[in-house]
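Residue numbers (the working numbering), protein chains in the order written: chain Y, 256 to 537; chain E, 256 to 537; chain S, 256 to 537; chain V, 256 to 537; chain P, 256 to 537; chain L, 256 to 537.
One thing to keep in mind: the hints can contain errors.
The list makes no distinction among identical chains, and a pair is therefore deemed to hold if it is satisfied within one copy or across any two copies.
Claimed, not checked - Once the Cα atoms are required to be at most 20 Å apart in a straight line, the calculated SDA-like pairs of lysine to any residue come out as:
1. Lys529 x Gln300
2. Lys517 x His357
3. Lys536 x Leu345
4. Lys426 x His497
Simulated from the structure, these hints should not be mistaken for lab results. Computed from a predicted model, the values in this text were never measured in an experiment.
Number of protein chains: 6
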Amino acid sequence: MSQEYSFKHFTVQFPANHPYVAHVEINRADKMNAFFEAMWIEMSQIFQKLSEDPNVRSIVLSGAGEKAFTTGLDVKAASSGPLFSEKSDLDPARKAAFMRRHIAAFQDCITAVERCEKPVVVAMHGFALGLAIDLSTAADVRICSRDVKFAVKEVDIGIAADIGTLSRLPKVVGSFSWVKEVALTARVFEAEEALRVGFVNSVHENRQATIDAGLKIAALMASKSPVAVQGTKEILNWSRDHSVQDGLRYTGVWNSAALQTKDLSAALLSGLQKRTPTFEKL
Amino acid sequence: MSQEYSFKHFTVQFPANHPYVAHVEINRADKMNAFFEAMWIEMSQIFQKLSEDPNVRSIVLSGAGEKAFTTGLDVKAASSGPLFSEKSDLDPARKAAFMRRHIAAFQDCITAVERCEKPVVVAMHGFALGLAIDLSTAADVRICSRDVKFAVKEVDIGIAADIGTLSRLPKVVGSFSWVKEVALTARVFEAEEALRVGFVNSVHENRQATIDAGLKIAALMASKSPVAVQGTKEILNWSRDHSVQDGLRYTGVWNSAALQTKDLSAALLSGLQKRTPTFEKL
Amino acid sequence: MSQEYSFKHFTVQFPANHPYVAHVEINRADKMNAFFEAMWIEMSQIFQKLSEDPNVRSIVLSGAGEKAFTTGLDVKAASSGPLFSEKSDLDPARKAAFMRRHIAAFQDCITAVERCEKPVVVAMHGFALGLAIDLSTAADVRICSRDVKFAVKEVDIGIAADIGTLSRLPKVVGSFSWVKEVALTARVFEAEEALRVGFVNSVHENRQATIDAGLKIAALMASKSPVAVQGTKEILNWSRDHSVQDGLRYTGVWNSAALQTKDLSAALLSGLQKRTPTFEKL
Amino acid sequence: MSQEYSFKHFTVQFPANHPYVAHVEINRADKMNAFFEAMWIEMSQIFQKLSEDPNVRSIVLSGAGEKAFTTGLDVKAASSGPLFSEKSDLDPARKAAFMRRHIAAFQDCITAVERCEKPVVVAMHGFALGLAIDLSTAADVRICSRDVKFAVKEVDIGIAADIGTLSRLPKVVGSFSWVKEVALTARVFEAEEALRVGFVNSVHENRQATIDAGLKIAALMASKSPVAVQGTKEILNWSRDHSVQDGLRYTGVWNSAALQTKDLSAALLSGLQKRTPTFEKL
Amino acid sequence: MSQEYSFKHFTVQFPANHPYVAHVEINRADKMNAFFEAMWIEMSQIFQKLSEDPNVRSIVLSGAGEKAFTTGLDVKAASSGPLFSEKSDLDPARKAAFMRRHIAAFQDCITAVERCEKPVVVAMHGFALGLAIDLSTAADVRICSRDVKFAVKEVDIGIAADIGTLSRLPKVVGSFSWVKEVALTARVFEAEEALRVGFVNSVHENRQATIDAGLKIAALMASKSPVAVQGTKEILNWSRDHSVQDGLRYTGVWNSAALQTKDLSAALLSGLQKRTPTFEKL
Amino acid sequence: MSQEYSFKHFTVQFPANHPYVAHVEINRADKMNAFFEAMWIEMSQIFQKLSEDPNVRSIVLSGAGEKAFTTGLDVKAASSGPLFSEKSDLDPARKAAFMRRHIAAFQDCITAVERCEKPVVVAMHGFALGLAIDLSTAADVRICSRDVKFAVKEVDIGIAADIGTLSRLPKVVGSFSWVKEVALTARVFEAEEALRVGFVNSVHENRQATIDAGLKIAALMASKSPVAVQGTKEILNWSRDHSVQDGLRYTGVWNSAALQTKDLSAALLSGLQKRTPTFEKL
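Extracted from the complex, chain Y is given alone in its bound form:
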């Protein structure tokens, strides 16, 4: 499996003690895991692959090195890229068309995490700035270490965050007042505050402890029926964007096939027999 999952900017591992769990790590520690275009394209490919891999049932995403989950966009790399180029002699409408395509492609890479059929637990530590927030709001469960420093950093470089934070953050955290403040001021918030507002679920001692906790949550998910777990992720995401009535109907149609799984009797029987069920691949 290792060969298949050999990538340039990310490591993908399959911890032996956690069957069906994949561990993806951003692997550019010397640059605090800052992202440039090739990285988000690669990341999108990884999550697409994991989404369809029947040996994978849940995923942990973390960053290499002690300093940062990721400091976000590698501004230096980006400044020589299309977004910052001023040389162009295109008129503003044509530049805008170019920008739209670029942003859409970038957004799509981050949305790959949300689209991934398996749940994704993101374990953050150190600096987690800008793109870190876009990325983590596209994941399912967020946890962090005590030393984390979060910021919706984009206004500090003259940009309204456009890769997902502004669309998803109000839907993953309850206090719109808090969302507005951190997005409009770019101020840093730390672990306790993130826990209090519900941005993260739990705070851990350090990077390793956070990853371990993430693996444990992921392993728990991976021990359940994959039909049930993947259906749950999909229906929760659909429901976020639809009325309760549309949510119920979609759920009914979804489950009309899902309930015909053998996992149902497997799970029930195991429950009665007090043993761990095994489920076929999905």
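Please build the complex by placing chains E, S, V, P and L on the supplied structure of chain Y, with the hints as guidance.
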């Protein structure tokens, strides 16, 4: 009134000291209030009746016995029912049609609590698993006792929860990360955690104290203009599922009739005279 | 500038030490800042003006006097107005048409705060009842003093709140259970509770400390690129009311023009040079 | 079968030469098939029954007698009913609550035709006024005889049509200008105009010819795979109310079960063998 | 009344033989009724006034002079205005902010026709280009003379139509293929084609005959209950933008007040007595 | 250019006399242009390429050979593919997951035509069955030859059409009654009927005349400002799926950048000088 409200699996009472308040209790304590089909059909009929009963202005829902609000679906009963039957020689498409109808009918029974025009306070204690969450998210206000054990239990039996939890839980609690975790792992969460994330409003000493607190909240609601209270419930539910602009417009149309109530002057006058207003039935 | 911003029921100031920040204060302390029709019309004009004023980048809204941010609708004034008049011989359908127009016009005045292109921080103290909640949910960031007393007061006068609270409160606070309780009972909630549920972001010693904190937040926003800040406010509000997919697409179209700002290079360069950027007016 | 389908105000027949087709007829010819409350309740029960009857695959709806499909609401009967009662001493808000429930219940009876899982062809002749339009827009296919006289009659009795016409007519006919004109003037339109604007699909010589044509269309539908036909009806109705993107996704989820039917191979094989396929019941 | 309705660029008349009908005419025949900014602002004020005028129940809109309903935007006037100014030294993001405000204000003036509570019949002749289409799609009923020349002209001046045509035309005409063709090519289409696709309801001999026909339709609307007619317009517009389910619910809430009108019994009684009902003002 | 656009199952040409127009032809005449998986994947790549090619401003899509535009899915090829395989020992839930992915991928290939930023005119002749309808409803303008035979063929093979027809057809044709009939019966409809209901815009003598007419329409589009044309396509598609209010707002944001194009002055100047404008690439 007692005769009218005589049911097999539920008790319905009208506490003398709380005018206009109905107290509905799931009455199958020996089976930890686990549900089978006849029960949710009956429950739907009760809430439909209360919805139109002019003598009722608010409702408390609780479970009988010290052990559980409800442990959810009675799996044993269900396993002899249609969902688990494998004998059928229908092809999967025909089975799916059958499932869809079954799920829709079941969902509709739970939605009866949401559709009820009077506010519903749900007072939970002990085990509150699976269907307990579906049911309580269809209610308006959730409170619990210190000993409560909640779980979105469905993935443990190989199912994506399909009777309401996945559609409503993300809309009643702010932290989507937390919702994802409890729905994807089926882990138990207790009173303090439920309070912290906003799933419940308050935690009480034990079952009786919780019910008493629920009755007190319900009594407070019942002391207000029923035109105002029922309009508030309806508009809040509509607004949950629509844009702010659509919410405002619906509110304006709704209140164009509601403001023509005599309750307005009754309430104002009582306010000035420092006495309790009385309102006509609704 | 003072002359331009001379109003009858509000003071508008531009604190010298906070460039680009406007401070609007409800100025009817002797009546606890209770609102009558001329006031909300005037307020709407002020926010429309600030929205287009290139010298303004963020706004603080507070109430004059130590007792109250505002006690809401001036019921005495209102009771001689159209809502409470019973003399009319119009049939209920015609009265309803009249009501709808009246409510829509009133709502529109409050929505002026949301529509204002610059972020609005509302600093509340003392009584903050009824309309105070409608008003503050239309603002971006809410903070309060330790002595604040909040209530969604409308059911107490026989009304379902119709000027914004019921449409916006469920979208600015995560716990729907809590929203239902306070809206259906009209009970008072105080600073700590408001902080816990995410209604406010922070609690301060007293009125002045709250205003100072509000000015500080507003000043921080005003120090950023106005292109970035105003885009962030707009996209967050759009995203609240749309699916994530629609949010992402709108963001892409918005930023296709916004990214062509000079603020981007100004911000980046200042960042590298460790100095404060200056941005052109907007 | 005849006994099961014995009703007071409707006849339900199963034409021998058209297997799986049900023919429902409004049976109050002496009153031009005008509707009173018991009739729409009965009609709702009939369509609910047909929806779940595996012996039925499509339905024709027509009116008895030569004069009218239906002249709509029996105003005389209605005027002694709740809508027209003025005696009530309820305040307008309480009356409104009563009205809302009444309208919702009435709408739900008409929506039973749309909700019916089998396609419904409505064959209209003579007078087809008011409720006739509400009813026919809830059906799937509309055809008529040369002598038909249609009118969205409601404004003539001082009412905005509230049982479905105003919500569905703009979605079943392309010209909104035409919809507005006929709804705002209540003027009569006849067969040729109805055909031109797409309200009906075809015009036939007289009542009997129209019913025969309806039966032929219904029989054609009944000869196809019921899995395919019922899925098509459902997905078309869903798509009418959702974006293309949501339509595609719902379709994919629906068909993920539906494609597992044996009808697929039955239909294909019959196609190759040039014979009529037979399908299992649904 | 004439004095109240004295305007610079429009005439507003109240034809003696058509009670409750207002006739608005664009009055710049020497420039083929081409629009500049002051005109659309004035038009918006006129429709706002008519919307609330109890003496008005329906409106006809036409253009003065034999040559044109309107040739649309007065490009010469506009080219010295903000849209075409290139002198500005604003960066493209700041220019875009300026544009957005300008477009929104312009759109809002045209939407005043849609927002007007009374139905608007637009009678078009001669050239009806660009803004003519935006304007007429915001009206309720469209009719034209035999000599009309329509075009969605905007792409010919390098613009995607942004004042309403692209948002409304697909919702007022059934054939999206036709809408795409005329919007993407700017080709002229004439009366017969407009009738065939349902853009207009009827074609008349010449300008005067068209206006007369418009007045006749408007008079018919004005003879009905204004409660019923205005409710019908509002509900049809709401339904265009919402699902059938949301349409039905909004209708029920709307009519819960509207059905309490005296017009209901007035209309019924007049019907029985075969005489013309009179209705109170609205 | 020819080399770049060399494909296996499609020809792509750039007619010399129609600058900026691309002509795509399905090139499997010996099998009546029936589709198998490699074909729709290739088609998706072609439209993605054309979408971003600055030398292309509009596209015509047709089918090679005299017999058919396309007879749709190559059932023989498909029957050895995943949809029809029965050998699998997966449980129905796992099969459904597999189906969902397959359908989504297939849909996405067809949606590539809609997503293409340049307008697509589809010129159909002969048999145009099943997938032909899915495909053509994703295009912008539909025209056909006199000999065309259309059918929404899917129910004939036991399937509810799932690649786009059921989601798009109700939005491109006004008569929902007609849509229901052809989708539920799979009956053939021909050129005149297609024209009458607005499915096609025009009917031509034969295949070649249809293609020529398509090229002429495409050439007209290609002669306009590409900023205006591409904006028009995008805004029309957005508006189809959103409320008028959301349509207007999106349009304003879009045009805030688009109006900054030089095409505006180029088009205006050319108009005054009565010559053909030239526009920069996009």
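Quick rundown of the hints versus the structure:
no. : hint            : verdict
1   : Lys529 x Gln300 : neither (39 Å within a copy, 37 Å between copies)
2   : Lys517 x His357 : between (44 Å within a copy, 19 Å between copies)
3   : Lys536 x Leu345 : between (52 Å within a copy, 9 Å between copies)
4   : Lys426 x His497 : both (12 Å within a copy, 10 Å between copies)
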